[in-house]
Amino acid sequence: MRTPLARCAVAAAVLSLTLCIPTPHAHATAPGPDGVGHAAGAAAASAGSAARTAAADAGAELVAHRSAQAATAGGLRFGRCASVEELPSSVQCASLRVPLDYARPDGPQISLTVSRVAATGSGGAARQGALVYNPGGPGASGMFFPLVGDLPEWERIAAAYDLVGYAPRGVGRSAPLSCEDPAVRAKGPTQVPAEPSAAYKQQRVAAARAYARGCAQRAGAALRHYSTLDNVRDLHVLRAALGEEKLTFMGASYGTYLGAVYATLHPGRVRRMVLDSAVDPDPRHIWYLNNLGQAPGFERRWYDFRAWAARHHATYRLGATPAAVQASYERVRDAVARTPADGTVGTGELQAAFLQAAYYDDVWPERAAALSAFLAGDPVPLAEQARPDPESAAARENERAVYTAVLCNDAAWPADWETWDRDNTELARRAPFETWANAFLNLPCAYWPVAERKQPVVVGAQPGAVPRTLVVAAERDGATPYPGALELQRRLGDGAALVTEEGAGAHGVVGGRNDCVDRHVERYLLTGDTSGWRVTCAPHPEPAPVSLDDRAARTPGKVPRALLPPVV
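If you use the working numbering, the sequence shown closes out at 589, no skipped numbers anywhere.
Everything labelled a hint here was simulated from the structure, so no lab data went into it.
Predicted model, so just to flag it, every value in this text is computed and none were measured.
Keep in mind that a hint or two might mislead.
Claimed, not checked - Distance windows between CB atoms, simulated: (1) Gly553 <-> Ala220: 47 to 57 Å; (2) Ala228 <-> Ala92: 38 to 48 Å; (3) Pro470 <-> Arg118: 21 to 31 Å.
Said to hold, decoys possible - Computed list of lysine to aspartate or glutamate pairs in DMTMM-like fashion (alpha-carbon distance at most 25 Å, straight line): (4) Lys222 <-> Glu405; (5) Lys208 <-> Asp444; (6) Lys267 <-> Asp363; (7) Lys208 <-> Asp363; (8) Lys222 <-> Asp202; (9) Lys267 <-> Glu176; (10) Lys222 <-> Asp437; (11) Lys222 <-> Glu439; (12) Lys267 <-> Glu447; (13) Lys222 <-> Glu412; (14) Lys267 <-> Asp550; (15) Lys208 <-> Glu82; (16) Lys267 <-> Asp437; (17) Lys222 <-> Glu82; (18) Lys208 <-> Asp355; (19) Lys208 <-> Glu439; (20) Lys222 <-> Glu508; (21) Lys267 <-> Glu82; (22) Lys208 <-> Glu405.
Every residue, glycine too, gets a C-beta built ideally from N, C-alpha and C.
Can you build the whole structure from these sequences, using the hints too?
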C-alpha cells in the first residue's frame, strides 16, 4: 500500500490449506467495456475462477507435502550467501524452488532466496524452531532479518529461534519482476505540483497506463501469479521446507496482511504470529479504500513532525508553530521548483524525502536540519538526503513493480479515472500532504492488464480457529492507521491480543524502539503468553533535536537499533 520511494532508505539500512474457503478468495469478475459485467459471463467466470483457485490450493498442499518430506532428509541446503546479498558470513542462504503457477505444481518453477542464522542456544535456551519474517511492501526483501540477532533486544529470541528471512516472489533474486527500464526513474529532478492541474493529471493517467503495459510486456503470462494468495502458498511451502509443522511468523505492515490471510487459510499450521503495524484486512478495503485511508494518517504524522520542529525552533529556526514550519517547507518547495537543489532534487524528490518523516521519527532531526540549512543558503544536506541513488534504481523499480503487481492482482480497483479524480480531489482538501502522490502511485491498477482479479480473503472467516496471535500497533501510525489494528484483532477472534504504543506514530513498532512493546513480543514468542486482550505502552521518546553540525554519525554497516520494516 505504499510507495517504494518511502522504502528505499529502509532497504539501504540493514536494519511485512487445511481449511480452504472457495468463496472468499474466488477471483472477481472483470467488468466489460461499459464497466458492467454480464450476469452469465460473471457466473461462468466465477465458476472458472473458483476451480483455478481450488487447483492452486491443492497444488500448494502437494508441494508443501513434498517439501516436508525433503526436509526430513536435509531439506533446504544452506551455505554461503551470494555476494549480491551483501550479508556477512554469519548468515547462510538457500534457494527454495516453488511453482510459478500452483495450479501446475510440476510446471515452470521459480527460486526464492532464503537467509538464516541458526538459534544460538545462548544461556541454555531450548530451540523452538524457525521464526520467519516478512517486512512488508509488498516488494520488500527480508533477507537482512537474521542480522537482528546481533542486537541486544533480540538476544533471547535469537537464542531460541532460527532467524529466517526471505525475498518473496518477484523481489531481488526471487524471480525478479520489473515493469520499466530503471534508468527511466533514476534521473532527477522531478517536478510535481502541489495542486495538480487537469493537464498534469492527464499526464499521470498516461504514465499509469504505460506502466501497466510495461508490466504486461516484461512479465507476460506470469504477471497474474504475483499476488497475496501466491505469497501465502510460498510461505506454506517455506514452512514445510524448513521442517516446521507449524509456522512461527512475524510480519510488518503488508506482512501483517500476509500473515492474517495465512492464518485464515491455514489455522492448523500456525504456532505463533506477531503482526506489527497492521493493515486493515476488511475485504471491502483491500486495496483502494485502504490507500485512501492513508492520506489522513499521513496528514496527522506530517503535523506531528511540524509540531516537533516548532518545539525546537531554537535549534532549527523553522518557525515556532506547526503552521510556521509548514510555511518554511513551502518556501523550500517553491525554491527547488524554480532551481533544483544541487541540480538533482526537485519537488518530487523533496516530497519523497519528507514522506519518510511521516513514517519514522528517527529521521526528524536530519530532515529538519536539512530544511534549516537550505533556508540558510546551503542546499547540500537536502540534496544528500533527497536525491535518488542511481545505483539503487533497479532495486527501487523492482520494489515498485512487485508492489504494483500484488496490489493490482489482489482485488478489483475502480477502472474509471473519474472515480479516482473525485475521491482524491475531495480527500486532498483535508489531507493534501500525500493524497495525490499516493493516488498516482496506485493508478496503474485502474488499467491493469490482468483481466481476472482476485477477491480478497475474508480474514477470520472461521472465528476461534486461529491460535493465539499478537497484534502490535502505534496509535498515530500513518501508513497503517490504528483502526486497522482494531479490525484485525476483531477478525482474528478472542485469541488475538493487541499491544498499543499510545501517542506514537512511527511505522514498525517491534525491535528496539520501545522496551515495553519488546517485552510483550519477547514474552509471547518465548512462552506463547500475552499480558491481556488489550494492553498499552507509553510512547518511545521523541528524537532529540540535533543540528547538522552536531549530529552523531551513524556507524556504516551496523544494524540500527530499531528494526525498521518497509511500508505497506
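Straight-line alpha-carbon gap Lys222 to Glu439, limit 25 Å: Holds, because 11 Å separates the two Cα atoms, which is no more than 25 Å.
Next pair to validate is Lys222 with Glu82; report whether the Cα-Cα distance is within 25 Å. violated, 45 Å
Decide if the proposed pair is consistent with the structure: Lys208 and Glu82, CA atoms, cutoff 25 Å inclusive. Given that 25 Å is the threshold and the Cα spacing comes to 45 Å, the pair is violated.
Within 25 Å, alpha carbon to alpha carbon, are Lys267 and Glu176? holds, 23 Å
What's the verdict on Lys222 and Asp202, does the C-alpha distance respect the 25 Å limit or exceed it? Satisfied, since the Cα-Cα distance of roughly 23 Å is no more than 25 Å.
Within 25 Å, alpha carbon to alpha carbon, are Lys267 and Asp363? Violated. Lys267 to Asp363 sits at ~53 Å, over the 25 Å cutoff.
Are Lys208 and Glu439 close enough, with their CA atoms no more than 25 Å apart? Answer violated: Lys208 to Glu439 is near 31 Å, above 25 Å.
Taking 25 Å as the top limit, are the C-alpha atoms of Lys222 and Glu412 close enough? The given pair, whose Cα atoms are some 30 Å apart, is violated under the 25 Å limit.
Holds or violated: Lys208 and Glu405, Cα atoms, limit 25 Å. holds, 15 Å
25 Å Cα cutoff - pair Lys208, Asp363: holds, 13 Å
Is Lys267 within 25 Å of Asp437, Cα to Cα? violated, 43 Å
So if I understand the rule, the pair passes when the alpha-carbon distance is 25 Å or less; does Lys208 with Asp355 pass? holds, 20 Å
In the structure shown, a violation is registered for the earlier hints numbered 4, 5, 6, 12, 13, 15, 16, 17, 19 and 20, in ascending order.
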